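Start from the sequences, fold in the hints, and give me the full structure.
Protein chains: 2
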Amino acid sequence: MVPCPFAAATVLLLFRAGVLGFPLGQGPHSTTGCGYKSCPETQPTMLNVHLVPHTHDDVGWLKTVDQYYYGERNDIQHAGVQYILDSVVEQLQQDPARRFIYVETAFFFRWWRQQNAETRKIVTELVNQGRLEFVNGGWCMSDEATTHYSAVIDQMTLGLRFLNDTFGPCARPRVAWHIDPFGHAREHASMFAQMGYDGFFFGRLDYQDKKRRMEARDMEMLWRASESLAPPTADLFTGVLPNGYNPPAGFCWDQSCSDPPIQDDPNLEDYNVDTIVQKFLKVANDQAALYRTNHIIMTMGSDFQYENANLWYKNLDKLIRYVNAQQSQGSKVNVLYSTPSCYLQELHRANLTWSVKTDDFFPYADNAHDFWTGYFSSRPALKIYERISNSLLQVCNQLEVLGGPSSRRGPHGDGDSETLRRAMAVAQHHDAVSGTEKQHVANDYAKRLAIGSAHCQVLVSNALSKLSGSDAPRVYCESLNISVCPLTESSDEFSVTVYNPLSRPVGWAVRLPVNGTRYSVTDPSGREVDSQVLPVSQATKDIRRDRGHATNELVFQAQAPPMGFRTYSVSLLQNWPPRAPPLPGAPLFLKNKYLSVTFDPDTGLLSSLSNLETKQTVQLKQNFYWYNASMGNAESLQPSGAYIFRPNSSTPVPVSLTAKTRSLQNPVVQEVYQQFGSWVSQVVRLYEDSRELELEWTVGPVPVRDLFGKEVITRLDTSINSSGLFYTDSNGREVLERRRDFRPTWVLKQTEPIAGNYYPVNSRIYIKDGEQQLTVVTDRSQGGSSIQDGSLEIMLHRRLLLDDYRGVGEALSEPGEYGDGLVARGRLLLTLAPPAAAAETHRPLAESLVLQPLLSLQAGRLHPNALLEFSGLQAALPPAVHLLTVSQWDGDSVLLRLEHQFQVKESQTHSQPVTVNLQKLFSTLTVVGVSEMSLAANQWKDEMTRMDWKGSTGEKPLQKEQRDPSTWEVTLKPMEIRTFLLHIRR
Amino acid sequence: MVPCPFAAATVLLLFRAGVLGFPLGQGPHSTTGCGYKSCPETQPTMLNVHLVPHTHDDVGWLKTVDQYYYGERNDIQHAGVQYILDSVVEQLQQDPARRFIYVETAFFFRWWRQQNAETRKIVTELVNQGRLEFVNGGWCMSDEATTHYSAVIDQMTLGLRFLNDTFGPCARPRVAWHIDPFGHAREHASMFAQMGYDGFFFGRLDYQDKKRRMEARDMEMLWRASESLAPPTADLFTGVLPNGYNPPAGFCWDQSCSDPPIQDDPNLEDYNVDTIVQKFLKVANDQAALYRTNHIIMTMGSDFQYENANLWYKNLDKLIRYVNAQQSQGSKVNVLYSTPSCYLQELHRANLTWSVKTDDFFPYADNAHDFWTGYFSSRPALKIYERISNSLLQVCNQLEVLGGPSSRRGPHGDGDSETLRRAMAVAQHHDAVSGTEKQHVANDYAKRLAIGSAHCQVLVSNALSKLSGSDAPRVYCESLNISVCPLTESSDEFSVTVYNPLSRPVGWAVRLPVNGTRYSVTDPSGREVDSQVLPVSQATKDIRRDRGHATNELVFQAQAPPMGFRTYSVSLLQNWPPRAPPLPGAPLFLKNKYLSVTFDPDTGLLSSLSNLETKQTVQLKQNFYWYNASMGNAESLQPSGAYIFRPNSSTPVPVSLTAKTRSLQNPVVQEVYQQFGSWVSQVVRLYEDSRELELEWTVGPVPVRDLFGKEVITRLDTSINSSGLFYTDSNGREVLERRRDFRPTWVLKQTEPIAGNYYPVNSRIYIKDGEQQLTVVTDRSQGGSSIQDGSLEIMLHRRLLLDDYRGVGEALSEPGEYGDGLVARGRLLLTLAPPAAAAETHRPLAESLVLQPLLSLQAGRLHPNALLEFSGLQAALPPAVHLLTVSQWDGDSVLLRLEHQFQVKESQTHSQPVTVNLQKLFSTLTVVGVSEMSLAANQWKDEMTRMDWKGSTGEKPLQKEQRDPSTWEVTLKPMEIRTFLLHIRR
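So the protein sequences, as listed, match chains A and B. Number 811 in full-length UniProt numbering belongs to position 811 of the first sequence; there are no gaps in the numbering. Number 787 in full-length UniProt numbering belongs to position 787 of the second sequence; there are no gaps in the numbering.
Treat each hint with caution, since some may be false.
Any copy, or any two copies together, can satisfy a pair, since identical chains are not distinguished.
To be verified - Here are the computed lysine-lysine pairs in the DSSO-like style, where the Cα-Cα straight-line distance is at most 30 Å:
{"#": "1", "residue 1": "LYS447", "residue 2": "LYS279"}
{"#": "2", "residue 1": "LYS279", "residue 2": "LYS941"}
{"#": "3", "residue 1": "LYS973", "residue 2": "LYS37"}
{"#": "4", "residue 1": "LYS318", "residue 2": "LYS121"}
{"#": "5", "residue 1": "LYS660", "residue 2": "LYS591"}
{"#": "6", "residue 1": "LYS447", "residue 2": "LYS318"}
Just so you know, these hints were derived from the structure itself, not from any lab. Source: prediction; values computed, not measured.
Given below as structure tokens:
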């Protein structure tokens, strides 16, 4: 059925009415008083000081998110969010002038669920009157350095949807608010712009940058956050807050502070109104000198403040009263309760031209030797677990749609996607995946992901039962990376279903721990697939200890259709003799039809990499090193810690100058095992059909008995003439150019030659020259740099002895499962290509690491009627298109995000607009309505209006969007993400 | 005018209607719901757990009272009472079941004054419904060891009057509540009984005592608090709280605690309802085993808690809900919000017979080496300043009455008594006059007293102007004890007015610093008075440093009429030659017509004291010693500190074995100066007309460079055969017998042979045998003991090096005015008498030290028409009668307290009922109405009904009070205080 455009539009309107909780103008509440309309009056001829009462509630840090919510473990940190919300709601009712902003929906959601109807009514009224304003509004305030855009969009969507469903448009945040994250990613700004935010405020930026901006009155600017998206699509007005997110010194009236309250009873000792008023006037005028309008903002709050909001409001009431009383004596300062959006509105009204920023705010240093570049790599196991969980969540989302209602309640029990969705959303917090939380909190994040994953596995099993017709139990082996899977270790016959969440077919090397020596692997058509049995390496046995007993791994190349699965049957052929281990001294050489790799026979290290298709070769020496973590020195007491990276020397120590090697070659895979002393090893691996070289590194337990904290890197030294430049991605999307010892927007005084050159690597880092580009695709977020021309380095693991004085109060020294130090294992995928074509390899490669096939296993012989192959798509989507989101929204609606995954000019082939027909998308679902939404799906796209800001580069105003070819055919331009709500029928 | 009884009664009733803010049954509010009637329902067949939400708000301790009120200096201690009351009032409104008690009216008064009409209305309603209940209700929770009963009655009156004036009878506290004071005085219990309290609860008692009481289920008792007053006049039901005043371990939900909150959302981690309920049931049942009824009390609060009352109430709500929900599963525990009075009512309903206690709860030890007996003497200068200020306040009160309205607004400006009354009330707090506050807080108490004194001085000047007819400025020299008075030092002619607040004429040795060598002193009749000029001692010059330059002191004996004044004129006769200093080697011997005193010529120490009238002589060696303060040792880490006295040896170190002496004799006074090394000296002084020997000691700066903390005592070793017994007063009233190494109510295990035998001495300590009683009357509260038979010791000063771990966080090391250590000076008055007659001397002697004459000075020649002598009384009152209170109440009403100052059997002459005619009392005021009140003047005496309690001694029920001879003639029995509101006409 292809309905005519008119019919489609009718369906659409009917459909839209019921989908968003309270579509604009249709909610049960009056909206006249909220948003910008609810802003307080200001004085045009005075300096207006916008006091913004706020709390900053970490979604886990020193305590777990639930401990923070309830106020448990106050011995660790006094913080109880339930009481904050109780108290603020009570205090807001005392005076209609009072304002409060709330940020973290993860907490608000917990609280709301516990409120009775009366409180809910009161809160709704406060929201509708703009007295309680949500800003940012995601589930958490995400980290910007170590998060992937896909998970960030999900967590924002989750939070904003709750607000929209609960309160309607009055609760829609107008302002993005990242007051605490430790540096700011351009991709975050781009996403915020596409989510419809009018402005963005943050607190932390490089101290040199801040100094320059203060001197130049350049604290507020226009951030042009994409090189691909046409302005103002990714333009975001951005303001640097004056005091981080704290109140000015001397004006903190929270229970956690010790500043003197306003003592205005002349009958009591210590009357201090006059002193405080004079001090405030000075602070306000000093601040005004740094900003450009007659409006300034003061953040009146901080971490977990307002648990007893009375303290704050009572004193702020007095401050406002007494300071404004000076106006009758000629004072030109006007203080008022306000919100970030009300402040923003005044800036907008000022109609100024703002400087344009095009780079990002990394790395962040708050002092000369205090670079917050350690957390890019802190807790590598949590970072990979978060990434794997995201992949599972996307699979879970897709299968919830494809499997229909029985996915949630089916033969395998009750499953759901929201448990993992919430766990993932919590994990995006800037002290979660960042690795900057206490150990017990890191454990809690992992536990939540594990619980969520279990819920998703039930859902996935139900959906696969529905789609395949086979109700046999499914097993998910989550420890395949250490060759543990009880089912495959002990079964003679089982099947493997490979579900591929990508919109194109993928090949995937399946590796299963087994104890047999020969197996038969057949595809759905019954064809035998090439398979090999390799011995499990000693390194792997060492890691897994007594958790598994497989001696071998069965390896074969599986294929899976777009957004679908394929099932392979495996049966044991031979148990004996054992596989010979790979031989030391075998030739160190890997080669398939795309790549060849050489090793230095003297050192056992990699020595070159060649692309056989393009006939390119680079010299490539790779080794492992550790920076000796500073314990503080005469120059600065700053040690390395969870946040801070500070090596005590710029020369890292090699773990070993040579590697002991063994090699293995067979028709499926070629491997060279490298052993670098007792705690670092690597498998250099080339699959038969791969265009990338895999480096599977294993690091740990990092020894610290020598009392040296160690920050372990791998470094690739090549013959590429990179001229001080290297490239890193931003949150897994667009790539930014980095120049060693340089910042685009100020004259850098470099004080930490290593740490000051580290940048976040979410998915890839590369160097290039005119001919060659070596790209390293990572499996998780890590820190990386290029300290010498031709060199790339990536920090893999960190184990430290001291806390770094940023509050976490623990040395980053992960105990691991056995208490003797965490072992981390991961993969780097290397590609070599001409720069102009490199993206054509690294874009899909990185995508395939982010959304990995999900393996499910069933014991025994397959049911003869089981469907062994399925694709949810009618056909693979074009290579430029990424199926970012397919997720059940409501009963008959599905959220769809399509993404153009190439930047402009990145690929001659793919950096072009591409069109997708939504009605021809799904194989089993009929799309009967579609409506485009903002990126976070809390607004209809055509109702999304954003403030326009004038940038100093004099760009043209927004070009009218190119129309889509038809209602159903949507065109994606480079780096564009389009979000649709589909009305479906099964 | 002597109205007939009937007429008097009529006047009285009319008068009463308007005097108390809201006399019972006549207030504007319904009273049906308050008091005992507002108590929650309980379950007769269950264990009822009375949860009592409360805060304990020190009226100064680590911070000043105003810092505590406002929440300033939260860096020292987090505490802000304004917020506590804000928060509690808000939370009480949330649920009518919730209860709160409030104690310290000093804070409530500050808060109430800042509230608007709406809040006041809400609070009034809460009080009227019994949801906010006042307990104790004095201005502060007074110290019991170092306070004088006169100041305690005043501070209770001040607090209770505010409550009564503000809220009427619903606010009248039914329960006395001394949860924190460090030991409990019998006189306090007696006063509470006479104030109409139905019961008394406290938290601190000797750990051995508590253990015994727990084992014997004797935690609640009947305290018979007077040996003189007929039961049940001074009977007070008394309960020991189970956990001091804290909640049971694990159930503290204040923001200052870290116990886990009740986490009842099964969607969140750490759900703990079941664990907490089970734990609570165990705690409740364990506690019930220590008490006698099926009701127990739990104090749910502590120091400065409930600043954010939501935390407490939210969790208590849940506790009650979840624990009581167990009743449906057979649980027999019923938890409820309650108050001490509601708990008390249930105990009363139980109709049990309670054990009878007749001694007191001193000394208090909370562990074997932790005797809280140091604070009896801590901060001797603050202790004397408090006592002097009380004397001034009583003078001020009397003169406000005698001088009439122009006392407050007169020729010398605006004066008042309430500033000093409030300062005195604050100073009664158990961390004020006790000396257990931080130094800056001690300074604040002194500052408040000084400000209050200045207000009173203006009032006194106005009143004296009115009474004398002389408007010339008056000067009050407050440093006469160190011979500083600029007026007398520099004037050739001036007058001295001696105001005597006692109800009998007194003689008083006036000592004025002068620079002349001969003066003429004349009394009101122009008669020359014997006067002498003595040189100022070197010790005094050392103390005053550069504050005064008098070389001499003019000394003469002044007389003053009862409650009146006499003015003496002084003029310089001769300036030269200087007075010769007293000679060393002069005969060491003092003698007047009553006493003779000998010294050991070898040591210079006192050697004997004789009463020439009774022909008694005791050997009497007196010297100064210091205990070496413990710094903690292997037995216990406890050091001496502001609270704790712990000598590291039972043998004190003599300051010096001998004294250097000089002596001086003249017709007015005989003195022997004794110098004991560099930092202790003494003047042994005998005035011509004195029956007591004065020892004026000077101690300090106590040297601590040797790193020995010093606790300085003076010890009198006599030939009296005291047989282990000694006697100390309780709050300046009744005397208790003490027995060394003994407690009347349990078998003492003595672990600190010195500190464990120390008792508070508020006004006197004595030893006796069959013939002789040596009584030492003190000028302030001090600690004292008798460690050997015949020996008496008094601790004079303390300077320590360590904090004693009771929270004050400072070593008690007073810097003094010059920063090098405080010098303290004071007087001990010694009398020797037969035991049966001793009270006839020490009662009036102590009284005259408590209420001292006030000297005011006027420069120049007296105005010829000035009235030079005045008495406010028609005649001196009988010797047994003490005029305790004469104080303006309202426009035409005056508060009068008459006290019988002798105990039963204390004096053959005076321990008899005595009658006073109220209409014949005053010389210038006509008493037209009188109504008797409770001791604290917040109830009419005839409306005061108290709960009756059965004591185990089977005493008879209350004898009907002996009727007074007539309406105007009131009879006082031994130790009785009667409180009247007089309706007066001038």
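Now for the hints, and whether the structure bears them out:
1. Taking the shortest alpha-carbon separations for LYS447 and LYS279, only the inter-copy value of 28 Å comes in at or below 30 Å, while the best intra-copy value is 49 Å.
2. Taking CA atoms no more than 30 Å apart as the test, LYS279 paired with LYS941 passes in neither setting, with 47 Å inside one copy and 55 Å between copies.
3. Taking identical chains as interchangeable, the C-alpha atoms of LYS973 and LYS37 are never at most 30 Å apart, the minima being 35 Å within one chain and 78 Å between chains.
4. Proximity of LYS318 to LYS121 under the C-alpha cut-off of 30 Å is found in both arrangements, the shortest distances being 29 Å within a copy and 23 Å between copies.
5. For the identical chains of this complex, LYS660 and LYS591 are intra-copy neighbours only, at 20 Å inside a copy versus 109 Å across copies, given an alpha-carbon limit of 30 Å.
6. In this assembly of identical chains, the alpha carbons of LYS447 and LYS318 lie at most 30 Å apart only when taken from different copies (28 Å versus 46 Å within one copy).
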